[in-house]
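With the hints as extra help, turn the sequences into a complete structure.
Respectively, the protein sequence lines represent chains X and W.
Going by my numbering, the residue at position 184 of the first sequence is 184; the numbering climbs one at a time, nothing skipped.
So the mapping is simple: my numbering equals the position in the second sequence, first residue as 1, plus 1000.
Incorrect hints may appear among the rest.
[Said to hold, decoys possible] What follows is a set of in silico ranges between Cβ atoms, one per label pair, in the way DEER data are often shown: (1) N182(X) <-> T1240(W): 48 to 56 angstroms; (2) F35(X) <-> L1270(W): 39 to 47 angstroms; (3) T1187(W) <-> K83(X): 20 to 28 angstroms; (4) S191(X) <-> R1306(W): 53 to 61 angstroms; (5) D230(X) <-> T1187(W): 25 to 33 angstroms; (6) A315(X) <-> A1116(W): 21 to 29 angstroms; (7) L1285(W) <-> D230(X): 27 to 35 angstroms; (8) A1177(W) <-> R13(X): 53 to 61 angstroms; (9) F1257(W) <-> K170(X): 49 to 57 angstroms; (10) M297(X) <-> I1284(W): 36 to 44 angstroms; (11) T1187(W) <-> L24(X): 39 to 47 angstroms; (12) Y1147(W) <-> I208(X): 42 to 50 angstroms.
Just so you know, these hints were derived from the structure itself, not from any lab.
Each residue gets a CB set at the ideal place from its N, CA and C atoms; glycine is no exception.
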Amino acid sequence: MLRIIKREDVSKRQSILIRFIAILLSLVFSGVFIFILGFNPIEVFGNMVIGALGTEMRIKETIIKAIPLIITSLGILVAFKMKFWNIGGEGQIIMGAFAATYIALNYSDNFSRPVVLILMMLAAMITGGIWAFIPAFFKVKFGTNETIFTLMMNYIALKWVTYLQYGPWKDPNSQGFPKVANFEVNAILPSVFGIHIGWIIAIVLTIIIAIFMNYTKKGYEITVVGESIDTAKYAGMNIKMIVITAMLISGGLCGLTGMIQASAIEKTLTVSLSGGYGFTAIITTWLSNLKAPFVLMTSLAFAVLLQGGSYIQIAMQVPSSVADMIQGMILFFVLGSEFFIRYTIGLKSKEVA
Amino acid sequence: MWTAFLFAAIIAGTPLLFATLGELITEKSGNLNLGVEGMMLMGAIMGFSVGIWTGNPIMAMIGALLAGAAGALIFAVLTVSLRANQVVTGLALTIFGTGFASFMGKNFVGKVTPPAIKSFFHAFEIPFLSDIPYLGPILFKHDVFVYFGYLVILIASLYLYKTRRGLNLRAVGENAAAADASGINVTLYKYVHIIIGGALCGLGGAYLSLVTIPVWQEGVTSGRGWIAVALVIFASWNPTKAMLGAFLFGGLDILGFRLQSQGIQVSQYLIDMLPYVATVVVLILSTRNNKKEDRPPQDLGVPYYREER
Chain X
1 MLRIIKREDV SKRQSILIRF IAILLSLVFS GVFIFILGFN PIEVFGNMVI
51 GALGTEMRIK ETIIKAIPLI ITSLGILVAF KMKFWNIGGE GQIIMGAFAA
101 TYIALNYSDN FSRPVVLILM MLAAMITGGI WAFIPAFFKV KFGTNETIFT
151 LMMNYIALKW VTYLQYGPWK DPNSQGFPKV ANFEVNAILP SVFGIHIGWI
201 IAIVLTIIIA IFMNYTKKGY EITVVGESID TAKYAGMNIK MIVITAMLIS
251 GGLCGLTGMI QASAIEKTLT VSLSGGYGFT AIITTWLSNL KAPFVLMTSL
301 AFAVLLQGGS YIQIAMQVPS SVADMIQGMI LFFVLGSEFF IRYTIGLKSK
351 EVA
Chain W
1001 MWTAFLFAAI IAGTPLLFAT LGELITEKSG NLNLGVEGMM LMGAIMGFSV
1051 GIWTGNPIMA MIGALLAGAA GALIFAVLTV SLRANQVVTG LALTIFGTGF
1101 ASFMGKNFVG KVTPPAIKSF FHAFEIPFLS DIPYLGPILF KHDVFVYFGY
1151 LVILIASLYL YKTRRGLNLR AVGENAAAAD ASGINVTLYK YVHIIIGGAL
1201 CGLGGAYLSL VTIPVWQEGV TSGRGWIAVA LVIFASWNPT KAMLGAFLFG
1251 GLDILGFRLQ SQGIQVSQYL IDMLPYVATV VVLILSTRNN KKEDRPPQDL
1301 GVPYYREER
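The structure is reproduced here in structure tokens:
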């Protein structure tokens, strides 16, 4: 008979090794899957890497895709650490972009460029925060399921921006084409080393969140609430306030992503601006083991996957959604592998009483 | 006009009915599978592609059922056997299913349900029943799948509340340790019902892509899987209430279209928000009420394994 034994001590090396094997296995399985669907998996994977890292231009593209992933993941991390399943990243991104666009369209001429940009960021963070605050409020008030609530908020945000784009915010100069007016230079983020300044923001935020989670009282409280509500209660923590604060941070960061995407990438407000980053960030966050420094690595890796996915669509006519499937597959295997980090399977010994 | 509206609401609500019932049965076993959207999409694309290849409606439905079941099997292995986090596993299933459907469906975008399947899903009247005043024309002039939906709800209600197995299932969801101690095979019960739940979600997806919206489009479910998860709470884990909830939301789904055809001027995009706003409202209201029989299964979301001695 087999029996499952809880591991007493798992070395860091062992747990990293198990995760690594899991990711490797997920790629093998994805490969088999791609083969069944009629493509050559080695060619697909090879082209994905070339498409993401082959030239300086493509590396820049990959980094540009990593920026929103990093910032959104940091936001999701704060919520997940508390076991608050914020899957409303998409909506919070969209609402952040909406608020930033409001500032950009109305106040670009009134202030200098840095002031406009900072106002846009603040507006985006506040609005993203509010979008996360609503489900958080009902969670602490009535115990409403936050997963479904945050997800519904995504759709509401999406419909709201669609309404604006096709209705009140439609650019009269676009000859009937339903789009929001382009931003003026004042509302567009500048570039440093050929990549928009979002990359600096992403790195700085990673450091801030790492310090916040590990070295501040609030960060510690968030972790305790996630580990055990009872412990938090016993220690006399104000759980409601902690949940609300954490979700404001979470939504605020996602909102900031929206501002960056609107300002630096789209240079306007579009319905497709969030680009699924809110969902992909869930995976990158989980893979990072809820540790901010690792978010940088997982986000970069997934940016390669996304960029590679859009490249093979053009180069090989393989639908880019293959990247989504691989993402799901990786997550399956990593989730499964965690069992082998926590437990080991041995033969049943006879001495069991 | 009301009859026509309610009639259409039932058609629009039928995919939700299957998905909601599927999630309900899954949750009765104590596992919270948030992959409904993914399983619906897997069922939708499998049903649609098998339908296109074979032109056979039964084959299409079996394909959809198997696809949904396969998605649920992944979830069962990860959460029951490997004790993975149920919330994140469900999300992973949704992400995977969305990618799978979009990948498989790339060449189908804009394609229409084949005529052989369309004619199979033609509405017919049930004699006598369709003559009932008011209710008859709304309930009993549908296609075979809607009737199948009524039947499945009836069977599920009987199974859950009138059979030994149903009682065992509820015991597993309420208190897995006690169920185990009384000799119920907890793992087997969880596996079987998670997979049946997934199969039902797959069927709901296929009805959506073959009948309700008979043209393949990417993300055809547009959040219905998530609405189904909320409807389970709304229905307080009761199949009959789940059916009512599904039809209610079917009505909301088509409300915008109806209003516009009545000449009422409202933005289509704001009306499109309604089902999602309504879901949020329903969610808040149904968590506020704390009646005993409306509670979720007690062990919902809690992984079960025998303690090591």
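Structure-based check of each hint:
Evaluation of the 48 to 56 angstroms hint for N182(X) and T1240(W) yields a pass: the beta carbon distance comes to about 54 angstroms. F35(X) and L1270(W) have their C-beta atoms about 46 angstroms apart, which keeps the hinted 39 to 47 angstroms range intact. Take T1187(W) and K83(X): their Cβ atoms lie about 25 angstroms apart, and the range 20 to 28 angstroms holds. As the Cβ distance of S191(X) to R1306(W) is approximately 59 angstroms, the hint placing it in 53 to 61 angstroms holds.
Against the hinted window of 25 to 33 angstroms, the Cβ-Cβ separation of D230(X) and T1187(W) comes to about 28 angstroms, which satisfies the hint. The beta-carbon spacing between A315(X) and A1116(W), approximately 38 angstroms, falls outside the hinted interval of 21 to 29 angstroms. For L1285(W) and D230(X), the Cβ-Cβ distance of about 28 angstroms falls inside the hinted range of 27 to 35 angstroms, so the restraint holds. Restraint check, A1177(W) to R13(X): a C-beta distance of roughly 36 angstroms breaks the suggested window 53 to 61 angstroms.
The given range of 49 to 57 angstroms is broken by F1257(W) and K170(X), whose C-beta atoms sit roughly 22 angstroms from each other. The supplied range of 36 to 44 angstroms is met by M297(X) and I1284(W), whose beta-carbon atoms lie about 39 angstroms from each other. Distance hint for T1187(W) and L24(X): a CB-CB separation of about 29 angstroms, inconsistent with the stated range 39 to 47 angstroms. Between Y1147(W) and I208(X) the beta carbons are some 59 angstroms apart, a value that contradicts the proposed interval 42 to 50 angstroms.
Checked against the numbered hints listed earlier, the structure breaks hints 6, 8, 9, 11 and 12; every other hint is satisfied.
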